[in-house]
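Engineer: Got chain S; can you put chain W on it based on the hints?
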Amino acid sequence: MNIAFREIQAKQGYWLTMAVLAALAGVGVLSALYMEHHGHIVTGMTNQIVWGLPHVFAVFLIVAASGALNVASIATVFGKTLYKPLNRLSALMALTFLAGGLMVLVLDLGRADRIIVAMTEYNFKSIFAWNVILYNGFFVIVIAYLWTMMDRQGGPWYKAVGTFAFVWRLILTTGTGSIFGFLVAREAYDAALLAPMFIIFSFNYGLALFMLILMGLYKGDQRPLGDKLLGRMRSLLGTFVAASLYFTLVYHLTNLYFTKHHGLEAFLLLEGGVHTQVFWLGQVLVGYVVPMTILFNAALSGRGWTVIAAVAAVLGGLSQMWVTIVGGQAYPIEMFPGYAVSSSFYDGAVHAYSPSMVEVLLGVGGLATAILLTVGACKVLRFMPERLDDETLAALHGKH
Amino acid sequence: MNTNSGSTTAVESRRAVLKAGAAITAATLAPGLMFYGVAHSRPAEEPASKDVRWGMLIDTQKCGDGCKSCVTACNEEHGLSGKTGPQDSQWIRKVDIRNLQTDAQHALPMLCQHCENPPCVDVCPTGASMKRADGIVLVDSHLCIGCRYCMMACPYQARSLVHEPLTDQKPDVPRGVGCVESCTFCVQRVDRDETPACVEACTEAGHNAMLFGDINNPETPIAKALKARASTEVRADLNLNTGVRYQGI
Numbered sequence: 001m002n003i004a005f006r007e008i009q010a011k012q013g014y015w016l017t018m019a020v021l022a023a024l025a026g027v028g029v030l031s032a033l034y035m036e037h038h039g040h041i042v043t044g045m046t047n048q049i050v051w052g053l054p055h056v057f058a059v060f061l062i063v064a065a066s067g068a069l070n071v072a073s074i075a076t077v078f079g080k081t082l083y084k085p086l087n088r089l090s091a092l093m094a095l096t097f098l099a100g101g102l103m104v105l106v107l108d109l110g111r112a113d114r115i116i117v118a119m120t121e122y123n124f125k126s127i128f129a130w131n132v133i134l135y136n137g138f139f140v141i142v143i144a145y146l147w148t149m150m151d152r153q154g155g156p157w158y159k160a161v162g163t164f165a166f167v168w169r170l171i172l173t174t175g176t177g178s179i180f181g182f183l184v185a186r187e188a189y190d191a192a193l194l195a196p197m198f199i200i201f202s203f204n205y206g207l208a209l210f211m212l213i214l215m216g217l218y219k220g221d222q223r224p225l226g227d228k229l230l231g232r233m234r235s236l237l238g239t240f241v242a243a244s245l246y247f248t249l250v251y252h253l254t255n256l257y258f259t260k261h262h263g264l265e266a267f268l269l270l271e272g273g274v275h276t277q278v279f280w281l282g283q284v285l286v287g288y289v290v291p292m293t294i295l296f297n298a299a300l301s302g303r304g305w306t307v308i309a310a311v312a313a314v315l316g317g318l319s320q321m322w323v324t325i326v327g328g329q330a331y332p333i334e335m336f337p338g339y340a341v342s343s344s345f346y347d348g349a350v351h352a353y354s355p356s357m358v359e360v361l362l363g364v365g366g367l368a369t370a371i372l373l374t375v376g377a378c379k380v381l382r383f384m385p386e387r388l389d390d391e392t393l394a395a396l397h398g399k400h
Numbered sequence: 001m002n003t004n005s006g007s008t009t010a011v012e013s014r015r016a017v018l019k020a021g022a023a024i025t026a027a028t029l030a031p032g033l034m035f036y037g038v039a040h041s042r043p044a045e046e047p048a049s050k051d052v053r054w055g056m057l058i059d060t061q062k063c064g065d066g067c068k069s070c071v072t073a074c075n076e077e078h079g080l081s082g083k084t085g086p087q088d089s090q091w092i093r094k095v096d097i098r099n100l101q102t103d104a105q106h107a108l109p110m111l112c113q114h115c116e117n118p119p120c121v122d123v124c125p126t127g128a129s130m131k132r133a134d135g136i137v138l139v140d141s142h143l144c145i146g147c148r149y150c151m152m153a154c155p156y157q158a159r160s161l162v163h164e165p166l167t168d169q170k171p172d173v174p175r176g177v178g179c180v181e182s183c184t185f186c187v188q189r190v191d192r193d194e195t196p197a198c199v200e201a202c203t204e205a206g207h208n209a210m211l212f213g214d215i216n217n218p219e220t221p222i223a224k225a226l227k228a229r230a231s232t233e234v235r236a237d238l239n240l241n242t243g244v245r246y247q248g249i
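Residue numbers (the working numbering), protein chains in the order written: chain S, 1 to 400; chain W, 1 to 249.
Bear in mind the hints are in silico, worked out from the structure with no lab data behind them.
Treat the hints with care, as some may be off.
Interface residues of chain S toward chain W, partial, derived using beta-carbon atoms under 7 Å [said to hold, decoys possible]:
#1 Gly39
#2 Val77
#3 Thr259
#4 His262
#5 Ala340
Derived SDA-like pairs (lysine to any residue); straight-line CA-CA distance at most 20 Å [claimed, not checked]:
#6 S:Lys219 to S:Ser301
#7 S:Lys125 to W:Ala133
#8 S:Lys125 to W:Lys68
#9 S:Lys125 to W:Gly127
#10 S:Lys80 to S:Ala160
#11 S:Lys260 to W:Leu238
#12 W:Lys50 to W:Glu116
#13 S:Lys219 to S:Arg232
#14 S:Lys260 to S:Leu245
#15 S:Lys125 to W:Leu138
#16 S:Lys260 to W:Leu143
#17 S:Lys260 to W:Asn99
#18 W:Lys68 to W:His207
#19 W:Lys68 to S:Ser344
#20 S:Lys228 to S:Val42
#21 W:Lys83 to S:Lys80
#22 W:Lys83 to S:Ala160
#23 S:Lys125 to W:Pro218
#24 S:Lys260 to W:Gln101
#25 W:Lys131 to W:Asp172
#26 S:Lys260 to W:Thr102
#27 W:Lys68 to S:Tyr218
#28 W:Lys131 to S:Asn123
#29 W:Lys83 to S:Tyr218
#30 S:Lys260 to W:Ala236
#31 W:Lys131 to W:Glu116
#32 W:Lys131 to S:Tyr122
#33 S:Lys125 to W:Glu233
#34 W:Lys83 to W:Arg175
#35 S:Lys80 to S:Gly155
#36 S:Lys260 to S:Glu391
#37 W:Lys83 to S:Gly44
#38 S:Lys125 to W:Thr102
#39 W:Lys83 to S:Tyr122
#40 S:Lys228 to S:Glu391
Just so it is clear, CB atoms sit at the ideal spot from N, CA and C, and this is done for glycine as well.
Chain S extracted, bound-state conformation (with noise of 0.2 Å):
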């Protein structure tokens, strides 16, 4: 038995819900457009903090890209059966992110028109260019995965292209954590633990948004996905989410250990107001103790819970990246460690940052983008299944 898949049907709120995404990513264009005229004056973005909200939603979009295409990958790499129907949905949506995240970060630039110079003059030893070609790649990679997928003459090259993409998406979260691992400079990134710990977070925060799209789709389109596939979910989010945490623990009590890092932790951990509590309350409470203690919780299984743990997750990964990006650059680089230093240009100082509207909008334009682009794509061709009951998955895949 072949599992059949079917275009979205543009059953009730498929053209409304199009029309507010595609709304929201319009104004987020011309968010981009108002900051191209004016400059970065009308964001709050200083020579303190350079990079800023835009940056949370871009990096965090490119992250969970890649980890959308876990399942894709447990399926073909892992041969998990059970996740094949689920491969083309997953590819899709590690294209989709990609797109949406690359739209704010290309956005973001001062000079967004010189894009044809970041796309032809590369330095090898930077590793913004090095992502520069792993996500191009990764564009061309998914996209043949996927005619492995949905093209009969492609089967044959299933398992290779499959695990191709599965080794190029880790290649690509490690240069994108490495974007802040290389950074000598500030107390906050120079560790080469912010690799792998993207990788895990990309887990965590992809198969949330994977499962946030995946049952809202089946919702709208009235289409049945079984309790015991989400369950399987369920089981593998909380996994990631736990692992995330490991990972944020280790990171901070490595810091910890280190007598030149405790200023930074004291910042991080207690003292750092708006970045302590995004931390706390965002990261660490939302971001892991709620979803964990939904999601290995039987009595909290229903569908309700469900998607409750896994926006949970996705705030909490976009907080961590409040933390990582904006937390780690509003602490001082500490110049001439055991002297108190001020300066004009806020050396030694606090740095402060209010994201702009145009900020913002930006962002949120580039999460509505890349949903936009998943749904439209369901409609014209075939990336879901047409059921994912219980019993179809049973009778395709066994006692899985």
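Structural biologist: For chain W alone, coordinates are given in the frame of chain S:
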């Protein structure tokens, strides 16, 4: 030979014209020849030499308390606004430091340290951040995409993003909205064999706290001063071999 008075007058007047012409020619060419002879200014077509390494030595003991001559001179030289909001460009700034244990206080100018191994050059995706053969670290404004990764990477926070469109720019100091910029060691002056504006201003203010020159040439005052007395690199632990060194901290 015809020596009548009329022809003598004609010869004399011809000589006078030739002499005047020679004098005018000499007067026109001499400054250029003198300039070339004295200053050894590098012609535009000749690339920067790797035999030279431009460097700066700053004596914090001599740095005037509250004096900002170097900052003002830099702003004027490069057409910077001089404003000090968090979005304004500052290529050089006065930093006050106080030792938390001993309470010893120092003030020093902080600028691009023109590292031998600059992190900003390492991370720049397009190669816009670059180091000239003579050690001056620059941003190619035509290649800069404004990603600000160099600003994340610089251990000295020496770089600024141009946050708004500019008007009335200095013709020999290319700047542009959306691009990152920082101290160039006044490359336009150095290539004319002049000293950077900040160093000149410090000397004019009578402090003589800043010394500029080729640190590869053992005969230069800066090389001799560096050899004679210990100097410090800020964040020496990063092993970047900075072109700017400090004494007195």
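Engineer: Next, verify each hint and record whether it holds.
Structural biologist: Hint check results:
no.	hint	verdict
1	Gly39	holds (4 Å)
2	Val77	violated (31 Å)
3	Thr259	violated (14 Å)
4	His262	violated (13 Å)
5	Ala340	holds (5 Å)
6	S:Lys219 to S:Ser301	holds (17 Å)
7	S:Lys125 to W:Ala133	holds (18 Å)
8	S:Lys125 to W:Lys68	violated (37 Å)
9	S:Lys125 to W:Gly127	holds (9 Å)
10	S:Lys80 to S:Ala160	holds (16 Å)
11	S:Lys260 to W:Leu238	holds (14 Å)
12	W:Lys50 to W:Glu116	holds (12 Å)
13	S:Lys219 to S:Arg232	holds (19 Å)
14	S:Lys260 to S:Leu245	violated (24 Å)
15	S:Lys125 to W:Leu138	holds (17 Å)
16	S:Lys260 to W:Leu143	violated (37 Å)
17	S:Lys260 to W:Asn99	holds (16 Å)
18	W:Lys68 to W:His207	holds (11 Å)
19	W:Lys68 to S:Ser344	holds (11 Å)
20	S:Lys228 to S:Val42	violated (49 Å)
21	W:Lys83 to S:Lys80	violated (61 Å)
22	W:Lys83 to S:Ala160	violated (59 Å)
23	S:Lys125 to W:Pro218	violated (33 Å)
24	S:Lys260 to W:Gln101	holds (16 Å)
25	W:Lys131 to W:Asp172	holds (19 Å)
26	S:Lys260 to W:Thr102	holds (19 Å)
27	W:Lys68 to S:Tyr218	violated (66 Å)
28	W:Lys131 to S:Asn123	holds (13 Å)
29	W:Lys83 to S:Tyr218	violated (56 Å)
30	S:Lys260 to W:Ala236	holds (15 Å)
31	W:Lys131 to W:Glu116	holds (8 Å)
32	W:Lys131 to S:Tyr122	holds (16 Å)
33	S:Lys125 to W:Glu233	violated (24 Å)
34	W:Lys83 to W:Arg175	holds (16 Å)
35	S:Lys80 to S:Gly155	holds (17 Å)
36	S:Lys260 to S:Glu391	violated (58 Å)
37	W:Lys83 to S:Gly44	holds (17 Å)
38	S:Lys125 to W:Thr102	violated (42 Å)
39	W:Lys83 to S:Tyr122	violated (35 Å)
40	S:Lys228 to S:Glu391	holds (10 Å)
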